[in-house]
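J.: So you can see what is in the structure, the chains are spelled out below.
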Amino acid sequence: MFEVLENEILAPELHKLTVKAPRVALARKAGQFVIVRADVGDERIPLTIGDADVASGTISLFIQAVGASTRKLVKIPVGGFIRDVAGPLGQPTHIEKWERVVCIGGGVGTAVLYPLVKALAQAGNKITTIIGARSASFVILEKELTALSQDLQITTDDGSRGLKGQVTRVLAELMTNPESSPSAVFAVGPGPMMKAVAELTRAKKIPTIVSLNPIMIDGTGMCGGCRVDVGGEVKFACVDGPEFDGHLVDFDLLRDRLATYRDQERKALDRCSSDKCKIGS
Amino acid sequence: MIKKLSTKERMALQRTKMPELDPQIRSRNFEEVNQGLNEESAIQEAQRCLRCKNRACVGGCPVQMSIPEFIGELAEGNLVQAAKILRHDSALPAVCGRVCPQEVQCESKCIRGVKSLPVAIGYLERFVADWALKNREKVREEISPTKTGKKVVIVGCGPAGLTAAGELSRRGHEVTIFEALHDTGGVLRYGIPEFRLPKEIIDIEVAGLVEVGVKIECNVVVGKTLTLDQLREEFDAIFIANGAGLPQMLNIPGENLKGVLSANEFLTRVNLMGAGRNENVATPIIKGHHVAVIGAGNTAMDCVRTARRLGAERAMIIYRRTEAEMPARKEEIHHAKDEGIEFVFLTSPLKIIGNNENWAQFLRCQKMELGEVDSSGRRRPQAIPKAIEDIPVDVVINALGTRANPLLTSTAPELKLNKFGNVEINPETGETSLPGVFAGGDIVRGGATVILAMGDGKKTAESIHNYLRQK
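Which chain is which? The protein sequence lines are S and F, in order. If you're matching positions, the first sequence starts at 1 in the working numbering and goes up one per residue. If you're matching positions, the second sequence starts at 282 in the working numbering and goes up one per residue.
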């Protein structure tokens, strides 16, 4: 049992949970994730470790309430418990010192990006961070990321904050100027966003690292449900990833496989929205 | 009072049949297929045992259970004694009695099998073990061992780990098990379906270990949460028994289509997460109508029978050889047939063809015929030219087997591995290239059986005990 010490709402449907998990806090590195299960009968879901504090033995998890299981997780009150937290899993981010790094976070991906930016900043990189969000209220971690970045830019789909449009608009502009063109790009967000970023940097051969979020059960390489195609090779995101060379990832396959349980997920959500929800009870 | 039988009377007794749930009903639920013997038929079956001097059956058992002895007590109606003998020899008799391939082990050596059918050792083991689970206070060992003050950590809560935990704690050592998943039992829980091994059995066996002081901590992924080095600092000895949890892929086109999954994923969803078995669980499962399972071992049988229970109209085994070469237990094949499983033999998958939404739609197969005998002693299947068949499917499950999971070993470079990635051990002691670090079960063997893992657990516990005494 893992106690929830804080439960903060960062944006609509997006919570930051601070969870007591001393071993995970001690062992984790940037880019790694945990598998959590809210309670008996619930799904095992992978969540990136947003941050960790060794002294207090806590980790922070950023959870977007999109499905039945994530909705249940964000409802856990302070002093409540997450039944299972296993990790840290996956490979840590490969951190080195590039000249200029552009870090791009889309939606809740910004939370996944945050520990990467932190680690890259600690390694002495000059970072331009781009946050992409649906609208102003969905922009998260702006303050924290501003503190770590030389420059921070925001784009929103509706223009309610920053530049109207996609994150690639900003990246493309940075790439036109040799002074600002990055030597590496990190992108975390929805598949189509990461794909667009990778397409943009491909011609200039700018190393582009993306963090993938396929369907996962055990997180230890056991089930192969999270398999992705990277450069024509089958990789398991849970043990080989979750970060891969964006120029080699088959994003269409990723998107397709993510849709495997869409019908069931919708039904589960409908059940949960009605009063008859029994999932996990 | 049980009547003493003459040898002639013993010889006249016919082997008891295991009562089974009706196939029509059971192929739509997850209840245990084998219902177990009642006391009367168990005692009668025990009376078939001739108590022969050379104890051939014991030689056929990977953990050398005292088979004639427990059967002898059972034949006399001494259930307590019979149970104590079992309990002494095996940490998980109720599991072995269900999932061991007795027909190729103990029962294959039984002298009664020469002229008629062997004594149903497996059924009897299960009967006594189940009785013991219901009468725990009667078989409880009163003697509590002297504490040695030595700390042993076991990595993995599967059959090898649980067996070793029982043996070591009985010898007075302080035992901690770290399990990567959120629940105990390892492959017994995530791999073997409820209809073959009710999860309740694992719960009771595990509770018994906890009662005698074994500490079990789930959600600890050794290699990730804690490193082997950290364990070596904190514990006096380590037993690595984290299994062979890495699925072998099909490596044919279409493997990444939706509806194509590994046996591990399919079984984990249903067995560990409860998907499809209980409407109140959140983990989803695809309930295929036409399910093809590729492979012919026990795992393949578990998958295909599970798919049937989830509602598949056609649940098929696709195998490139024939029934005679199937590695699965005879009993599983027999049960599967009764449940309406189709066996598509001499058929080898070439590719999986998807529909316009990338769901598996056809399994394209090459028809085979048997040729010359190969190195495995079996006739080699060879392709019949131009004999191609497209089998309509919506779910394809790959049950080709598993390999050692590198999760721990890849983070402990000083641990010596063989070319398959299995941990190398001294076959006598189970000790690895690192002093005080032992290993057993599937992480050493690759994918093998529950009983071999338990045998490793038992044998290695003995050498860990010796190691700790000398330390």
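These aren't lab readings, by the way, just hints derived from the structure by calculation. These numbers were taken from a predicted model, which means no experiment stands behind them. Take the hints with a grain of salt, since some may be wrong.
Here are the simulated DSS-like pairs of lysine-lysine, each with C-alpha atoms no more than 25 Å apart in a straight line [unchecked claim]:
#: 1; chain 1: S; residue 1: Lys235; chain 2: F; residue 2: Lys390
#: 2; chain 1: F; residue 1: Lys432; chain 2: F; residue 2: Lys700
#: 3; chain 1: F; residue 1: Lys568; chain 2: S; residue 2: Lys267
#: 4; chain 1: S; residue 1: Lys204; chain 2: S; residue 2: Lys29
#: 5; chain 1: S; residue 1: Lys20; chain 2: F; residue 2: Lys700
#: 6; chain 1: S; residue 1: Lys143; chain 2: S; residue 2: Lys126
#: 7; chain 1: S; residue 1: Lys118; chain 2: S; residue 2: Lys29
#: 8; chain 1: F; residue 1: Lys700; chain 2: S; residue 2: Lys235
#: 9; chain 1: S; residue 1: Lys16; chain 2: S; residue 2: Lys118
#: 10; chain 1: F; residue 1: Lys289; chain 2: F; residue 2: Lys432
#: 11; chain 1: S; residue 1: Lys97; chain 2: S; residue 2: Lys126
#: 12; chain 1: S; residue 1: Lys235; chain 2: S; residue 2: Lys267
Here's a subset of chain S near chain F, in silico, CB distances under 10 Å, partners left out [stated by the list, open to error]:
#: 13; residue: Glu3
#: 14; residue: Asn7
#: 15; residue: Ala136
#: 16; residue: Thr260
Each residue gets a CB set at the ideal place from its N, CA and C atoms; glycine is no exception.
J.: What are the numbers of the hints the structure violates, in ascending order?
T.: As far as the earlier hints go, 1, 2, 4, 5, 10, 12, 13, 14, 15 are violated by this structure, in ascending order.
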